[in-house]
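Q: Spelled out from the first residue to the last, the chains are:
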Amino acid sequence: MRECIIKTEERDNLDIVQLDGALDSYSFPRLESTLNSLRQNNRNRVVLDCSGLDYVSSAALGALIGFARRAREQDGDMKLAKLSPKILNIVKLLGFHKILEIYSSVDDAVAKFES
Amino acid sequence: MNAGIISAFLLVVFVLALLATLLMALVRVSHANRRLRMERDALQQEKEVIFGFVHDVGEVFAHSEEIDLDRMLQRVLFYALRTTRAGAGVIYLMEPGETTLRARTVSGIFPPLAGTLDPGFTKAVSKSQHLEHMIRNQHVRKGEGLIGEVADFGKAILIEDAALDSRIPRYEEEFLHIHSIVLVPMRFLQKVLGVVAVTNRVDRRPFSETDMSLLQALADQASVSVHYAGMRESLDEKKQIDYDLNVARQIQTALLPKSIPHIEGVEMGAFAHPAREIGGDYYDFIRVDEDHLGIAIADVSGKGIVGAIMMSICRSTFRAQAPGCTNPADVLIAVDRVMADDIAEDMFVSMLYMVLNIRTRELTVARAGHERPALSQAGKRGFTIVDSPGIAMGIADMDAFEASIKPVTVPLQAHDVVVAYTDGVTEAMNVRGEEWGIDNFLEAVSIAAPEGANSVLNNVQQRLLRFVGDMGQYDDMTLLALRVLE
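Protein sequences appear in the order of chains S and G. Be aware that the first sequence starts at 1, since it is given in our numbering, and climbs by one per residue. Be aware that the second sequence starts at 116, since it is given in our numbering, and climbs by one per residue.
Calculated from the structure, these hints are not laboratory results. For clarity, every value in this text was computed on a predicted model and none was experimentally measured. Don't take each hint at face value.
[Claimed, not checked] In silico negatives: residues of chain G with every beta carbon more than 12 Å from chain S: (1) 119; (2) 148; (3) 184; (4) 239; (5) 405.
[Unchecked claim] Across the chosen pairs, the derived CB separations fall in these ranges: (6) G:224 to S:32: 46 to 54 Å; (7) S:6 to G:581: 34 to 42 Å; (8) G:258 to S:33: 53 to 61 Å.
All C-beta atoms, glycine included, are put in the ideal place defined by N, C-alpha and C.
Using the sequences and the hints given, assemble the complete structure.
A: What follows is the structure, encoded as structure tokens:
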């Protein structure tokens, strides 16, 4: 599996976190620390660009929901964009599309934050 | 005239006989009702106790880095007394070397079962303190006395009327009299870890078989945690991590069914391949009632010891809820309710629970975010994927969960095969990083489906293991299959 590369792009009032590779139990702690440092800086609006994501472990998905939940408590959110059909399928199987907002493009997710 | 008297007499006899029969029938019905009511109450009591305990254990393990064995044992004993309404109790644990036992926690006035008091007892100001000190410092050899016997044979002992039993010591002091006593072993993987003993119900009634089975259920549930906490106590930090992984595996193995129940008209089986890094798969077969069979499969998202404990909570709750309830969605909702309180924030459990009506062959499926089961119909090509909506447990708020889950019923015909699995099977990987995938999986199922459930299990297992080769897997792989017979 490809090691996950995590890039953060800061926009005015939100951050776009780009994932490229596989998010498993080895790479997940790095994403966790990225998200935690965003939260510590009071940046609670995050769009997760998943276009390069080819695998996500269930533990990582659970932690994403945890982050979204905490962000919502601070009037923020974490929205997912550009999930591959395979990962979208997993998210739907778990019923997480009822908890997380999912968009087909990063722009749509950003627009939703701004509306 | 005579004939009139005789016929009147016969009529009276007939009416009396009829009345007697009616009366007997009434008595029988009321007895049966009473028995049923008692059984129901006992079940209800067991549910409440196990729930309370499971909830408590969940709390203790929420901070798993600071598990304290004595605190855990105190809780177990608290529930043991509450469950059996006993006045006093003690928990003995096996000492290293496994030849002697020592009392680790005592509650109430528990008379020493060895039958002797030390000379200091009569002079002691606080008798109960002195007694507790004495009990805690006495070692009991395996095989010696009642405690030792339970530890040696691993079998519970119930003495309803202690006055009739020569093994019970007789003390002069009124407050040391034993009227009734229950002792149960704490077992984990065929090993006796200790003994829980309780004496004298507070209502002065003798202990019953129900008390004994409740106490055993509690001791069984507690053993998992006690085993873990007790062993961990003696290790240094570095070894604790290895140990945690090892115990997680042991717990997981202990929670899976040892054998598949034999149910007429249904052929079923399962296999489970644990991952190198501990996964959290679980499956179970349960007799719901005379006409219904329950089949469950689940995957806990958290790995390691916390995942294993969550799985144990999930199993206890499921097993307490499933009997008597034919709607699988109701059972999952009840399990979610308990899990939602106990589960760590970012963890979740996906679970599929199916209830088969053995008479009508209707299969009702409820799905909490788990992989959908596949149905291969006799004489037909391809598969029906049985879909039913629902979110994984422990992650959504309870109302959202309850609103999301909808059971779906499908009629089965003789020779139909249903398979349920965890994502470890379809996401299994080979050395080239390729995934086995749902198509390969379904093909392996469909080829063997006409030959039955066990053939499906064998075929999938063989193809899957050939595909992954030497590649260590990240996740557990679990599959279960059932076929309806003629």
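Q: Take the hints in turn and mark each one as holding or not.
A: To see whether the hints hold, each was checked on the structure:
1. 119: Its Cβ never comes within 12 Å of chain S, the nearest being 82 Å, so this holds.
2. 148: holds (43 Å)
3. 184: holds (28 Å)
4. 239: holds (55 Å)
5. 405: holds (33 Å)
6. G:224 to S:32: 46 to 54 Å: holds (52 Å)
7. S:6 to G:581: 34 to 42 Å: holds (36 Å)
8. G:258 to S:33: 53 to 61 Å: Given a distance of about 56 Å, which is inside 53 to 61 Å, the answer is holds.
Going down the numbered hints, you'll see the structure goes against none, and every one checks out.
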